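Asker: Keeping their order, the protein sequence lines are chains A and B. For the first sequence, the residue numbers in this note's numbering are 78 to 337. For the second sequence, the residue numbers in this note's numbering are 6 to 180.
Worth flagging that the hints you see were computed from the coordinates, not collected in a lab. Warning: the hint list may mix true and false statements.
Said to hold, decoys possible - The calculated label-pair distances, taken between Cβ atoms and stated as ranges, are:
| id | chain 1 | residue 1 | chain 2 | residue 2 | range |
| --- | --- | --- | --- | --- | --- |
| 1 | B | GLY110 | A | PRO201 | 34 to 42 Å |
| 2 | A | MET275 | B | GLY122 | 22 to 30 Å |
| 3 | A | ASN173 | B | ALA149 | 37 to 45 Å |
| 4 | B | VAL138 | A | PRO153 | 34 to 42 Å |
| 5 | B | GLY110 | A | LEU335 | 30 to 38 Å |
| 6 | B | ALA145 | A | LEU144 | 43 to 51 Å |
| 7 | B | PRO45 | A | GLN185 | 28 to 36 Å |
| 8 | B | ALA48 | A | PRO249 | 50 to 58 Å |
| 9 | A | ASP332 | B | GLY122 | 53 to 61 Å |
| 10 | B | VAL116 | A | ALA231 | 25 to 33 Å |
| 11 | A | THR263 | B | PRO45 | 51 to 59 Å |
| 12 | B | VAL116 | A | ALA271 | 21 to 29 Å |
Stated by the list, open to error - Some but not every residue of chain A turned toward chain B, in silico, with C-beta under 7 Å:
| id | residue |
| --- | --- |
| 13 | SER274 |
| 14 | ARG301 |
| 15 | ALA302 |
| 16 | GLY320 |
| 17 | TRP324 |
| 18 | ASP325 |
| 19 | ILE326 |
| 20 | GLN337 |
Fair warning: this is a prediction, and the values are worked out from it, not measured in the lab. Even for Gly, the Cβ is constructed at its ideal location relative to N, Cα and C.
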Amino acid sequence: MLRAILAKFQEEVVRRVPQASTRFFAIFFAGLAALLLALAWQPGAAAQIHSRSHASFSGHPPSTSILKAYGTPSAPIRLDVFSDYQCPSCGNFFENTMRPMINEYVAQGKVYIVHHDFPLQMHPYSGAAARWANAAAKIGEFQQVDAALFDNQAAWGATGDIAKYVLAAIGPADFKRVEAILKPCTSPPPTSHADGSMPQADPACPVDASIVQDVALGYQIPVRATPTYVISYKGQKFPPGSGAVSWDIMRQFFDSLLSQ
Amino acid sequence: MTRESKSSAARIFLLIGRLILAGIFLFAAYAKLKPQTTVPWSASSVKISLSMFALQVDSYQLLPVKLVSPVAHLLPPGELFLGLWLLTGIALRFSSLAASLLIGGFFSVVVRTYAMGLEINCGCFGPGERLGVGTIVRDASLLALALAVTIVAFWIRSRGEPSSSSALPAPQRAD
Chain A
78 MLRAILAKFQ EEVVRRVPQA STRFFAIFFA GLAALLLALA WQPGAAAQIH SRSHASFSGH
138 PPSTSILKAY GTPSAPIRLD VFSDYQCPSC GNFFENTMRP MINEYVAQGK VYIVHHDFPL
198 QMHPYSGAAA RWANAAAKIG EFQQVDAALF DNQAAWGATG DIAKYVLAAI GPADFKRVEA
258 ILKPCTSPPP TSHADGSMPQ ADPACPVDAS IVQDVALGYQ IPVRATPTYV ISYKGQKFPP
318 GSGAVSWDIM RQFFDSLLSQ
Chain B
6 MTRESKSSAA RIFLLIGRLI LAGIFLFAAY AKLKPQTTVP WSASSVKISL SMFALQVDSY
66 QLLPVKLVSP VAHLLPPGEL FLGLWLLTGI ALRFSSLAAS LLIGGFFSVV VRTYAMGLEI
126 NCGCFGPGER LGVGTIVRDA SLLALALAVT IVAFWIRSRG EPSSSSALPA PQRAD
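Here chain A stands alone, though its shape is the one from the complex:
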């Protein structure tokens, strides 16, 4: 059938081009060229995947990285989430997708979630929130603080008063330990930049290197918005997705992987 179509095309062009308006073809092909330019403007999905897929998700974090995770690393599905604590979509994703995921598929050993910080420059307190979460992770209290930050996002997002929600989440004793970790952190916290430039870590701050490590990893994906997630199944990495998705739809995707 393709041969017949091509033969017909050739016959028509050879027989009819001399009769057609030159002006018409000039206009048409100028428009076609504009269309092709517009199509070429969008970076191809394949180019993005092949050029960025070397982002390291080996399961063994680099030495400066602080592990912030839910579940067991041996789970067949791994979900890497790049998140900004002050981002409303990230809050939506945590509350409506990750919470049921944690209660069901993480608890059942099917999914391992790794949180990566990608604080956006536009959010004034997201870098500070990332520092609190990383400091809590250093004493094994990441999950409590992570949940508390998203649960109370609207409140601390308006005032910047993050400490009281961390205190409520982990109690006075552990709060003092977290405070002590953050005491040397006197300069502004690192955040991602729209131009892709690397943020500066405060060398005195014990958690900044981990945040910068997460941002650098995010640039490789590339993360252009939050939340962005990368799903891996038995070492096979899928293209990144972004935006909030419902748990029902994500569960269907996980089930399709697990049913192989």
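Position chain B relative to chain A; hints supplied.
Answerer: Positioned in the frame of chain A, the structure of chain B alone reads:
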């Protein structure tokens, strides 16, 4: 421009236009159905790819959750069918009209999503393509092409001539 040359130009435009549209729909279907990792094609890989496409459909926050999966599973085969239909040139008025309606729907959804400020992947030609101004420009161009093909197809038909290029009249010989 004589009537004959107008008709000839229109037919050539229809042929090129529908081949472009067919190619785009076939590529869109392929990009959504193909394995998204380095695994070979299989029924399982297609099922996974369609489930992954459902994630992108859901991220538009447009459809109720119950409709996301059916739409995601029907759209790529629908694009495949439409691409093949355009390729054959059969009933071109109707295939181009269907293409125009589908692309028009995509365009309006993309514009709405961009206006809402949602930073998501388009999902138009598989995962990984961020929805932005370029997406809108591209979809607008495709919509213009699809509408032009539809209009010309109906115009040709209104003159009592078949719009399909398989029924072209022979050129006039000068005696």
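Asker: Each hint should be assessed against the structure and marked as holding or not.
Answerer: Here is what the structure says about each hint:
1. Take GLY110 of chain B and PRO201 of chain A: their Cβ atoms lie about 39 Å apart, and the range 34 to 42 Å holds.
2. Range check, MET275 of chain A to GLY122 of chain B: about 26 Å between beta-carbon atoms, so the 22 to 30 Å window is met.
3. Taking 37 to 45 Å as the suggested C-beta distance range, the pair ASN173 of chain A and ALA149 of chain B conforms, at roughly 38 Å.
4. Under the hint 34 to 42 Å, the C-beta atoms of VAL138 of chain B and PRO153 of chain A, about 39 Å apart, fit the expected range.
5. The beta-carbon spacing between GLY110 of chain B and LEU335 of chain A, approximately 33 Å, falls within the hinted interval of 30 to 38 Å.
6. One distance hint, 43 to 51 Å for the beta-carbon pair ALA145 of chain B and LEU144 of chain A, holds here, with the actual separation near 46 Å.
7. Take PRO45 of chain B and GLN185 of chain A: their Cβ atoms lie about 29 Å apart, and the range 28 to 36 Å holds.
8. Separation of ALA48 of chain B from PRO249 of chain A is about 57 Å and conforms to the stated range, judged on CB atoms against 50 to 58 Å.
9. Look at ASP332 of chain A against GLY122 of chain B: about 31 Å separates their beta carbons, and that is not inside 53 to 61 Å.
10. A beta carbon spacing of about 29 Å between VAL116 of chain B and ALA231 of chain A agrees with the range 25 to 33 Å that was offered as a hint.
11. At roughly 55 Å, the beta carbons of THR263 of chain A and PRO45 of chain B sit within the given window of 51 to 59 Å.
12. Between VAL116 of chain B and ALA271 of chain A the Cβ separation comes to about 23 Å, which falls inside the hinted range of 21 to 29 Å.
13. Contact between SER274 of chain A and chain B, as hinted, is not supported at the beta carbon level, the nearest pair being about 19 Å apart and thus beyond 7 Å.
14. Checking ARG301 of chain A against chain B by beta carbon gives a least distance of about 6 Å; that is within 7 Å, so the hint holds.
15. Annotation: ALA302 of chain A was flagged as interfacial toward chain B, and the flag holds, the nearest CB pair being 3 Å apart, inside 7 Å.
16. With its C-beta approaching chain B no nearer than about 4 Å, GLY320 of chain A sits inside the 7 Å limit, and its interface hint holds.
17. Restraint check, TRP324 of chain A versus chain B: the minimum CB separation of about 9 Å is more than 7 Å; hint violated.
18. A least Cβ separation of about 5 Å between ASP325 of chain A and chain B falls short of the 7 Å threshold, and the interface hint therefore holds.
19. Of the supplied interface hints, the one on ILE326 of chain A holds, with its beta-carbon coming within about 4 Å of a beta-carbon of chain B, less than 7 Å.
20. Interface restraint check: GLN337 of chain A against chain B, minimum CB-CB distance 5 Å, threshold 7 Å, status holds.
Going down the numbered hints, you'll see the structure goes against 9, 13 and 17, while the others check out.
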